[in-house]
Every structure is written in structure tokens, then in C-alpha cells.
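Asks: Residues per chain are reported as follows:
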Amino acid sequence: MIDVLTAFSRIVIILFVAIFTFIDLFLIFERRLGQALGDALIIIQRIVIFLFLGLCTYICWLNLNNPWPIYIFLLAILSFVLIILSLKNVGSSLSAGLVNNVLFFLAMSFVELERLNMDSALRQAIFCLVAILISFGIIILLKRIYQIERFYYIFFIIGIFLLSLVYFLGSREYGAKLSLSFGNISIQPSEFVKISFCFFVCSCIAIFKNIKGLILATIGSVFHILILVMCKDLGTALIYALCYMFISFIAYKNYLLLLVEIGVGIFAGYFAYNNFPHIQRRFLAYTDPLSVAEDQGYQLSQSLFAIGSGSFFGQGLFKGQPKKIPVVTKDFIFASIAEEMGGIVAICLIIVFICSFILIFNLAYRCHNSFYMLVTCCIAIIFAIQTLLNIGGVIKFIPSTGVTLPFISYGGSSLLSMFICFYIAENGEVLNEN
Amino acid sequence: MKTSRLSKRKEIYIVASIFVLVFVVMIVFFAKFINEDARDFVYNQYNSRFSVFSDDYVRGTIYSSDKKPLATTKLDEDKKEYRDYPYERLFSHAIGYTGHGMTGLEAYYSFDLLKSHNDLQDQIDSSLSGKKILGDNIYTTLNVETQKAAYEGLGLYDGAVIAIEPDTGKVIAMVSKPDFDPNSIDVYWDNITGKDSSKSALLNRATMGNYPPGSTFKIVSTLAYLRDNNGDDSFSYNCNGEFPVDDYTIHCSSKEKHGKEDLKEAFSNSCNSAFAKIGVDLDRDVFMKTAQSLMFNENLPTQIGQTSIPEFNIDSKTSDKLLAQTAIGQGQTVVSPLYMCMLVSAIANDGVLMEPYMVDKIVSADGQYIDENLPSQYRRIMTVKEANTLSDYMESVVQEGTARKVDFKGLKVYGKTGTAEYSDDKEMAHSWFVGYATDDNGKELAVAVIMEGAGYGSKFAAPLAAKVFDAYFN
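Chains as they are written, first to last, in this note's numbering: chain F, 1 to 434; chain S, 1 to 474.
So here's chain F without its partners, still in its complex pose (with noise of 0.2 angstroms):
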């Protein structure tokens, strides 16, 4: 019976999920809806989230034989309403829509980490209303700090410092140094640096808004990017690298300076490939990762057989065997969501992933404030390339780089500092402006 019911149950969540994105795609143009139309949108948006995440819960409370789901789905709820109600003042059904997305994203977490591990999935729903609590007081803070631009430098010797303190104190994970440990929490810094760091680019240039902003800007880029390589943590350098180059194009529109940056890039690129084995090892498991299914393409080959084995449809949940795959709830939890939601969803996850950062980018287009347009850009930037790194790497379309995948992923750090960028970024036209 169970086995019946989780097979109809798949067609029903594709359903779900195309309407959802269906409707997304008609919020990018919210400024021809109207009021009422939009706002009638995101209502049935919500109301699909609520049935997807409630019917996926009852699937899982039906597999698993224990009432956690229900559990999950309570607490998931309660951060919904939180985030609803601390975003209600700044309105436009444009913020509304990226609500909505960051409120799929997390539904679709959580379903994802309760089928693969509950012990995961219970944490992340955790620090989700410890995320929403601190990113809502930091938000509090910065409207009252008048120009934080101001304060460049002290942003600056916040990155630096975090992520000295990673080199000489990190521990290593699968050859990289990533993160602190204080007892059996551990904390990635070079995630909440991301936020320090788009600070500190933004308000150099926001500050001087002449050369020698760019000149500051990019030497204290290069500091920060020198430390991730000699943590060995390339694929954070590379989302900074590339979030400093599109940022200084946005701030001075000026198409010699990316030409040259793209320059420099490939050459680094180059060096790094020729310098660093463990970049040629990941590069061989991209391009052939069968020749060694069993060594360094373990990962990706497993990836691939559990997309490959989802085909469009899926093989509904608990149906597939998503856990073969290493670390499938941080880096690869992608390819779960393939294997057993289906090709279909995965390509209206992606679209999803599209939309949001096409309204981070009208957030920032809106903001009335220099510094905080640069800021919700450099929001935009990091959340596309995070995104494209981590399910790019995932179904071979470009070698992983090991980054995590915005509010799916499983881990505290990355959740913590994207509930901040996003609060930031809907809350971009209102700061700063007494």
C-alpha cells in the first residue's frame, strides 16, 4: 500500500513543483501584474509549498514508522511564519516572490535531509529559526548604523582575521582546510567572510568612488583570495574572485577592466592547474570520472548513476538509493533530489534557482542607496555562482569545486550566512536611508 501511494505521490509532487515555478517565472515581471494579481500569486504559491511540504512529510512519516516528519514539519512551519512576518513591512510582491522561493528552497531541503538523515534534517530545521533570529538582529543593527561604508577597513580586518584564524587553526576535511571546531560544533568562517568581504568591496568603491576605490578594493580582494588558496578552499576563492570581478564591472562599467580581470583569471587558473595535484585530479574525475570510478571519480560517478537512475520522473522517495553517494547531504544533495524527485524537478529546481537571483538583481536595481545596490549585487553574484558551482560539479557539467548549494545543502554556516544575505537583500531599499 505504501509502495502504491509513494508512486502516485511522485506525480503528484512534479505537479507541485512545475506549478510552483510556472508561477516564478510570471513574478520576474511583477511590475506588469498588478497588485492583486501578484499578490493572488504568492498566495497560491504558498498554499503549494504547504501541500508539497505536507504531503512529502506524510510519505516520509509513512516510510520512516516514526512521527519525526510531523515534527520537522511543525518546526518548518513555525520558521516559515517567522520569516513571513519579519519580512511583512518591506511589501512589494517582488520581495514577496523571493520569500516564496527561499520558503520552496527550504521545503524542499528538509523533505530532502528527513528521507536521507533525521538527525540532519532536525538540526538544519534548528538552526533555520536560530538563522532567522540573527539575521533579523543584524538587519535591526545595520539601520541604525548611518554610512556603514565608513567603517571599509574594520570589514577588511574581520576577513582576514577569520580566515588566518581558519589557516593556522583549521581542520582539514577532504584535503582542504575549512573549518573550526569548539568542541563537536564547527563553524566555516570563509562563509560569514563571504558577507564581510562583499562589504568591504562595496564600500571601498561606494566610499571613493574613483580609482583609488578600485585599487583597495582589489588589493584586499587579493589578501582574502591568497588565503583560501593557501587553505586550499578553491572553490570559495574562485566565488570570491568572480564576485569581485562582476561587482567592479557593475561599479565602473567599464568593459577593459573585466576584459583584463577574465585575462588574469584564465592565466591564474592555468597556474593553479599546473601547480596544484589535487586540481588535476579533480579535473580528470570531470572529464572522465568511469576511468577512476573507483579513486577520485567515486563521487562523481555515484552522482551521475543516482541522476541517471532518476531519469525525468524519478524514482519516487525512499525509492531510490540516494545514500550510495559520499557527503550527499552537503555538497551532492542535487543529485538526491534527482534521483528520486526526478529530472523534471531538478531542471524547475534550477529555473527556481534562476528566478531568485533575477530578483535579487531588481532588489538591488531598486535600492536608492550606492553602497547597498553594490551590496544586494554582490548578493545576486555570490548566490548564482554558489549555485551554478555546486550543480554544475554535481552532474558533470563542470568539475566540483566543493561549494554548498544555497538553503539546500545540510550545515549550519552555510544556512546562517545565506539567511543573512538574503535578509540584507530584501531589506536593501529601506536601509540606510535616515
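To be clear, the hints were calculated from the coordinates, so they are not data collected in a lab.
Just so it is clear, CB atoms sit at the ideal spot from N, CA and C, and this is done for glycine as well.
Among the hints, a few may not be true.
Label-pair ranges, simulated between beta-carbon atoms [claimed, not checked]:
hint, chain 1, residue 1, chain 2, residue 2, range
1, S, L75, F, I47, 48 to 56 angstroms
2, F, S291, S, S17, 35 to 43 angstroms
3, F, F271, S, V22, 18 to 26 angstroms
4, S, L75, F, D295, 50 to 58 angstroms
5, F, L64, S, K74, 57 to 65 angstroms
6, S, S316, F, P277, 34 to 42 angstroms
7, S, D56, F, F276, 45 to 53 angstroms
8, F, F276, S, E77, 43 to 51 angstroms
9, S, V22, F, L33, 36 to 44 angstroms
With a straight-line cut-off of 25 angstroms between C-alpha atoms, the simulated SDA-like cross-links for lysine to any residue are [what the hints assert, rightly or not]:
hint, chain 1, residue 1, chain 2, residue 2
10, F, K319, S, T249
11, S, K132, F, I2
12, S, K132, F, L5
13, S, K132, F, I19
14, S, K115, F, L216
15, S, K264, S, T249
Knowing the structure of chain F, use the given hints to seat chain S on it.
Replies: Then chain S, alone, in the frame of chain F:
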């Protein structure tokens, strides 16, 4: 509140568009992967996702083209499922085995054998009553009698035989030795995967073998000569049994002197000296391009799983000595029996290559659903005129050339023998025969035979091919 010059800018949308573009490319890549490339991954030996016996489905039966079961699922005394192979060793490589991973069709079609296209209502009923659903059955293109002839003909020799229907690409027989009994793979596992992996019984030599082609490669050299001379075959050579090149001498087989001969005679006598001369005189670029047009150095277009890549390499730095050796099939060229069979089947089919396939149709257990696999054309690899010329030459091999003494029981046969040296010991050579036969009704069959270390192609491989033709046509 200050509205800065920096705020309104179109660069935001340029950057956004770049990202949207990359993401859209990624979605297309992803959809293409699921739609096309995923099969190669899902059926890979490293994929441990599909256990042989599923909890929900009974693994379907694999049938021969004449509806004889080749692999079925049975229950032992304890009602435990096991896989039964009634023909034991006969189809060991073609069908493959289950347990310790999977190979052959068992692996490549595992997905289909463990799926059901039965009526949905039946499936729901079975699922509700806790019974297993019967998986789909597979009807192969393999013919038991032809397979038997090939298997028995190979006898105690190591080697491979493959037979393909030229106008469809259907694989009729596929044998590789040494072999194994798939019924007792567990028992043999340690033995066959032991130290001596070069003699591994698990390797399918028909599709994965890498052999020097020997004189069968003269088919390619002849085509290259014709292309180099714009189709003109007026060639004349006076053979005195040897051809010196650099510090090396190429000899004709058995020290024979063929005397004055044209291209067709040189081909049917398999004259090494004449072909060494052709090789040295050939435009290297034309030689390389000819080989490339015949699918050398690329993945073979087949629907039968993993195959080895035929290798051919010459360039402007290649020495004359190596060129001469290459032209007679002794250089660094390697081919699989499957490749040679595909080549002659394209010649038989007027130059058009059909993709080889082994599964004729997939049928649901209740017989209601049928997914038929239709022949699929790969492409024309040579012109009709070229194919006809080569057929004419191959006919003369059987009529008056190296295979004239072989009894083909009245069938019209076109072929080429080969004796491929594979070590410095000139006495040791692989025995090759590649060719095709037609009967009065126009039915055709292409065959490639290799018998390792047996000796002359005309004495060993060609008579075996005759048995295979006989089993198929009569």
C-alpha cells in the same frame, strides 16, 4: 537621502543576462544527459544501484531470436530466486552473467529486465497483495544454431566469432573463448579473476579484443589505394617473394613468388610484397583519411554496450618500413573482431553501415506491450562503386585466391583471409577470416573469425566461417 550617480545602471542586467545564459546552457546539458548519456552511466559495471534480484520485480527472461530461453529466473527449494542459463557456456559472453556485478546483455538491459510494462491495474493488484511483478522479457537477435556452429567450430582455441546480418545490423552469433559457465560464476569467480588476467575468461574478445588485423587489413589498404588513384585500379607489380624497405625485408607468405599481378590478383593472393609497395607509395594523408572514414580511432556506433576502439596511426613522421608493415596489417594497427565484421557487413550492404544491435524487442510479461528495436543506419562509409569493387576482389579470394580450397557448400562467399603475426616467433600467428555469404534468396550474413595462435587463416578460420554460414543458411 542621496541618489548617487552609481545607482541606475544597465550593467546589472548585462551581468544578470550572462548568468541566465550559463544557467540555461546548464539546463540543456542536464536534460541532454538524462535523455541520452545517462544510459552509459546507469548500465556501467561500477553502478551498484541495481541488485540483480529486485524486491519488487521478478527479473525477466532473455530469449533467442527463435524464442528459446537463454536466461531465466527460477526458484530453488527454499523459494529463493536464482538465475538459470540453460545453454551454460554457449552464450557466456553475449548474455553475460549476474552476481559479482553483471556483464553482457544482463548488465546492459538490467534496467529493462527489472521494469514492468504490464497492465497498470495488474501491477497495483500485485503490489497490494504483496506479490512480485513480472519484469519485461527481452527477445535477442541471437540464433542458437549459428551460435552453436561458431562455438563448436572454435573448439579448444582461444579467439572469437561474430556474425552480423548486413542489411539490418542484427548480431546473429557472438562467441568468445576462453569462456565460463554463468550458472556457476560464484564457484569460478576466484579462478577466472586470478593472477593470469591476460587470459581472462571474462573478457569478451569479440567486442573488446585488440588484435593485429593481419592481411584482412588489405581491404582497407586497397580502398586507400583506390581513393589515392581516383578509383583507377590499373596496378601492376612483379612479385619475387620479397620487398626490401629501409633495413628490413617484407616476405610473402610461405616464401611464395606470385610473379606479375594486378591489384585484384595481389589481393586474392594476399601478396605482402605488392601491398608493401602500395603502402610505401600511398599518400599518407589519404591513407589516414581512409582509415578515419572507416571509423578508426573512434567509438564504434553500436547498441551492444562497451566496445574497444580500432586504432590506426600514421603521420608525416612515419617511416617507410612502418608504412609497408601497416599496409599488410602488421604495424601498430589493432582491431576487434566486431570491427572487422562491421566493415565487411558495410561492404555487403553496398557501403552503408547499419548499427549492430542484439535486442530485437522488449515485451511485457503479459505480452501486451511491445517495444520493437528497428534497424538503424549509421552512415555510408564508402561509395557503392567502392563496395562493389571490394566485393569483387573478395569473391576472387574465395574463387581462386587464398581461400579457394575451402568448401563453402555452394554458397556465394566473399572474404579475406589473414594470418597475423603477434610475436617475434614467425610460427605463431592468429588465424583470421572475414567475409560474407549470400544464398539464392538474397539473404546475407557477415562473419569475422579469429583463432588465436592457430596459424594460416585459410586453414583454420575460413573453414570455421564455412560452418557458421552453413548453420545459418541451411
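Asks: Give a verdict on every hint.
Replies: Now the hints, each set against the structure:
| no. | hint | in the structure |
| --- | --- | --- |
| 1 | S:L75 <-> F:I47: 48 to 56 angstroms | holds (50 angstroms) |
| 2 | F:S291 <-> S:S17: 35 to 43 angstroms | holds (37 angstroms) |
| 3 | F:F271 <-> S:V22: 18 to 26 angstroms | holds (24 angstroms) |
| 4 | S:L75 <-> F:D295: 50 to 58 angstroms | violated (39 angstroms) |
| 5 | F:L64 <-> S:K74: 57 to 65 angstroms | violated (35 angstroms) |
| 6 | S:S316 <-> F:P277: 34 to 42 angstroms | holds (35 angstroms) |
| 7 | S:D56 <-> F:F276: 45 to 53 angstroms | holds (46 angstroms) |
| 8 | F:F276 <-> S:E77: 43 to 51 angstroms | violated (59 angstroms) |
| 9 | S:V22 <-> F:L33: 36 to 44 angstroms | violated (27 angstroms) |
| 10 | F:K319 <-> S:T249 | violated (66 angstroms) |
| 11 | S:K132 <-> F:I2 | holds (15 angstroms) |
| 12 | S:K132 <-> F:L5 | holds (17 angstroms) |
| 13 | S:K132 <-> F:I19 | violated (35 angstroms) |
| 14 | S:K115 <-> F:L216 | violated (62 angstroms) |
| 15 | S:K264 <-> S:T249 | holds (23 angstroms) |
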